[in-house]
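Q: Residue-level listing of the chains:
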Amino acid sequence: MATHTLDFERPLLELERQIEEMKRVAGEAVADVSKELAPLEKKLAELRVEIYKRLTPMQRVQVARHPKRPYTLDYIKTMCTDFVELHGDRLFRDDPAIVGGWSRLDGMSVMVIGHQKGRDTKENLRRNFGMAHPEGYRKALRLMHLAEKFRAPVITLVDTPGAYPGLGAEERGQAEAIARNLVEMATLRVPIITVVIGEGGSGGALAVGLADRVLMLENSVYSVISPEGCAAILWKDASQRERAADALKITAQDLVALGVVDEIIAEPAGGAHADPDAAAAAVGEVVRRHTRQLRALKIEKLLRRREEKYLSMGALNEK
Amino acid sequence: MARMAWFKKERKPRTAERAKLEIPADAWEKCDECGHIDIKDRFVRALNVCPNCGHHRRISAQEYIDLLVDEGSWHELDGTLRSADPLNFESYRDRLEAAVRKAGPLEALRSGYARLDGMAIDLAVMDFSFMGGSMGSVVGEKLARLTRRSVEKRIGLVVVSASGGARMQEGVLSLMQMAKTSVEVARLRAARVPFISILTNPTTGGVSASYAMQGDVILAEPGAVIGFAGPRVIKQTIGQDLPEGFQTAEFLLEHGMVDAVVPRSELRDTTAQLLRHMAGRQPAEAAD
Numbered sequence: 001m002a003t004h005t006l007d008f009e010r011p012l013l014e015l016e017r018q019i020e021e022m023k024r025v026a027g028e029a030v031a032d033v034s035k036e037l038a039p040l041e042k043k044l045a046e047l048r049v050e051i052y053k054r055l056t057p058m059q060r061v062q063v064a065r066h067p068k069r070p071y072t073l074d075y076i077k078t079m080c081t082d083f084v085e086l087h088g089d090r091l092f093r094d095d096p097a098i099v100g101g102w103s104r105l106d107g108m109s110v111m112v113i114g115h116q117k118g119r120d121t122k123e124n125l126r127r128n129f130g131m132a133h134p135e136g137y138r139k140a141l142r143l144m145h146l147a148e149k150f151r152a153p154v155i156t157l158v159d160t161p162g163a164y165p166g167l168g169a170e171e172r173g174q175a176e177a178i179a180r181n182l183v184e185m186a187t188l189r190v191p192i193i194t195v196v197i198g199e200g201g202s203g204g205a206l207a208v209g210l211a212d213r214v215l216m217l218e219n220s221v222y223s224v225i226s227p228e229g230c231a232a233i234l235w236k237d238a239s240q241r242e243r244a245a246d247a248l249k250i251t252a253q254d255l256v257a258l259g260v261v262d263e264i265i266a267e268p269a270g271g272a273h274a275d276p277d278a279a280a281a282a283v284g285e286v287v288r289r290h291t292r293q294l295r296a297l298k299i300e301k302l303l304r305r306r307e308e309k310y311l312s313m314g315a316l317n318e319k
Numbered sequence: 320m321a322r323m324a325w326f327k328k329e330r331k332p333r334t335a336e337r338a339k340l341e342i343p344a345d346a347w348e349k350c351d352e353c354g355h356i357d358i359k360d361r362f363v364r365a366l367n368v369c370p371n372c373g374h375h376r377r378i379s380a381q382e383y384i385d386l387l388v389d390e391g392s393w394h395e396l397d398g399t400l401r402s403a404d405p406l407n408f409e410s411y412r413d414r415l416e417a418a419v420r421k422a423g424p425l426e427a428l429r430s431g432y433a434r435l436d437g438m439a440i441d442l443a444v445m446d447f448s449f450m451g452g453s454m455g456s457v458v459g460e461k462l463a464r465l466t467r468r469s470v471e472k473r474i475g476l477v478v479v480s481a482s483g484g485a486r487m488q489e490g491v492l493s494l495m496q497m498a499k500t501s502v503e504v505a506r507l508r509a510a511r512v513p514f515i516s517i518l519t520n521p522t523t524g525g526v527s528a529s530y531a532m533q534g535d536v537i538l539a540e541p542g543a544v545i546g547f548a549g550p551r552v553i554k555q556t557i558g559q560d561l562p563e564g565f566q567t568a569e570f571l572l573e574h575g576m577v578d579a580v581v582p583r584s585e586l587r588d589t590t591a592q593l594l595r596h597m598a599g600r601q602p603a604e605a606a607d
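Those sequence lines, one after another, are chains A and B.
Last residue of the first sequence: 319 (my numbering), numbering continuous.
Last residue of the second sequence: 607 (my numbering), numbering continuous.
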């Protein structure tokens, strides 16, 4: 527990220790401490809610990057049934930074695709910390076309620091892969629902995130650049990340206000990592509702609305 | 001896002649790439390509317009669009003002319609000197409107890109311009209207990962740096120096990412030739 405590969660840790201690003493002395315990536990729960209600943007980034936070495969496991993972882009290789496959939501076949981070160092090296290469985006597009062919909705889960900036990625056309996904997703003839579950890292996130509905978990973030990257460029100082996180407007509330995100999915108290099953249940419920709504639309109407949604984005003055 | 008269040519004082040939110091220019020094006029006449090594210097959006369109045919569109600073991002307004002073008020992308070899075209040219050619709401909207015009009027679209990527100061709204422009390009494709994308130095980030890489034909200027991530970021990520020529136009050609590397002097003719092919027109000679 203590290994992944975020700095702003320290007050919680103190209370948790007290409660643990009391339980231990009670166990030894066979004394009834429930009277003393109850208010402490109540206080703990309240404090947790209080702290998470007032997170700064940078603290939300920390929650979004929490190593215990549920990832795509965790959501699929809890939300869906009958999952069959499909691999490879048929062009170069399988990119483990993006996973996807057929799955069932309320018995209905859907294509679920998402970035996948690793749970430990070894897995993270294999999955490249959720930073996809072009073949990852090409795999995602292949699966989307498969869904289109068999008229299944596409559900994408976004959780990436960004598209990988490396030699092989550039050689194989990182920019082209993202650009192609965008233009293809603009006209994909099935409903697309995107949920930002952790980090929405710029073009690497948008490459699977051009959708009819874009939803965000309460403590996820979505940004054109990481706060660290922004601070390094603007103020030549990556430690100014708090300032950058504030300025960039990257929280779910900010994105709803900017018209980019349609709905916020509430997380359990203490964040999705505090209760992954509850988080997955919440995501599942909201995704089901949107899938139902979108499936009721005629395809031409769906596509027109998708176009209108993106064409209206931006803020400018015309003199 | 009369026959040797040519040999005994009278010597004229040379000073006067010399003074006339004197070239003012500011008439010289040096190539940043090879160090070649030449008369400024020779650089200008070579479209700012070094006469010695062929290095393509950065030129302004106006110079690309002059280079690509028939004289007097350019009509600017949407020149009154301005950024609204939607995030109230610190010092963004100051930066915008500085960019306007430096590059003019037309933002990082200029759009308009014109003629090329008599053919009607829609043309957008990015201006790197306006905040590094970064794409914010204005750039996205201008390109989206122009692309819509191309669809409505069925006029071939030519886009000259030069950009470091999405504009940070407009946050995720800049990112969404990638989606917005992609939606319009998808419509353009469905309408089967030709789109030629010309990549100049540099074309990276959100611009390369959207419309710049969505052309029916993608051309690149020699030596232009083109990629998703900038060289500095990649170097930092992998912790080693990048191979010689990495992310240049020639590198992309070799890896199958662009159709052709075209020197600036041939850009106009190649673009016209391609448009004629894709618009079902006769070759230039037959049209004359």
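No lab work stands behind these hints, which were simulated from the structure alone.
Hints are supplied without guarantee of correctness; some may be wrong.
[Unchecked claim] Calculated lysine-lysine pairs in the DSS-like style (CA-CA distance at most 30 Å, straight line):
{"no.": "1", "chain 1": "A", "residue 1": "301", "chain 2": "A", "residue 2": "319"}
{"no.": "2", "chain 1": "A", "residue 1": "236", "chain 2": "B", "residue 2": "472"}
{"no.": "3", "chain 1": "B", "residue 1": "472", "chain 2": "A", "residue 2": "301"}
[To be verified] Now the stretches of chain A that chain B is said to cover, found in silico as 3 or more residues with beta-carbon under 8 Å:
{"no.": "4", "segment": "244 to 251"}
{"no.": "5", "segment": "303 to 315"}
The C-beta atom is built at its ideal place from N, Cα and C for all residues, glycine as well.
Q: Quick one, are residue 301 of chain A and residue 319 of chain A close enough, alpha carbons at most 30 Å?
A: violated, 33 Å
Q: Is the Cα-Cα distance between residue 472 of chain B and residue 301 of chain A 30 Å or less?
A: holds, 24 Å
Q: Decide if the proposed pair is consistent with the structure: residue 236 of chain A and residue 472 of chain B, CA atoms, cutoff 30 Å inclusive.
A: Status violated; Cα separation ~47 Å.
Q: Given as covered by chain B, does the segment 303 to 315 of chain A meet the bar of three residues or more with CB within less than 8 Å?
A: holds (count 7)
Q: Taking beta carbons only, do three or more residues of the segment 244 to 251 of chain A come closer than 8 Å to chain B?
A: Check passed, 4 qualifying residues.
Checked against the numbered hints listed earlier, the structure breaks hints 1, 2; every other hint is satisfied.
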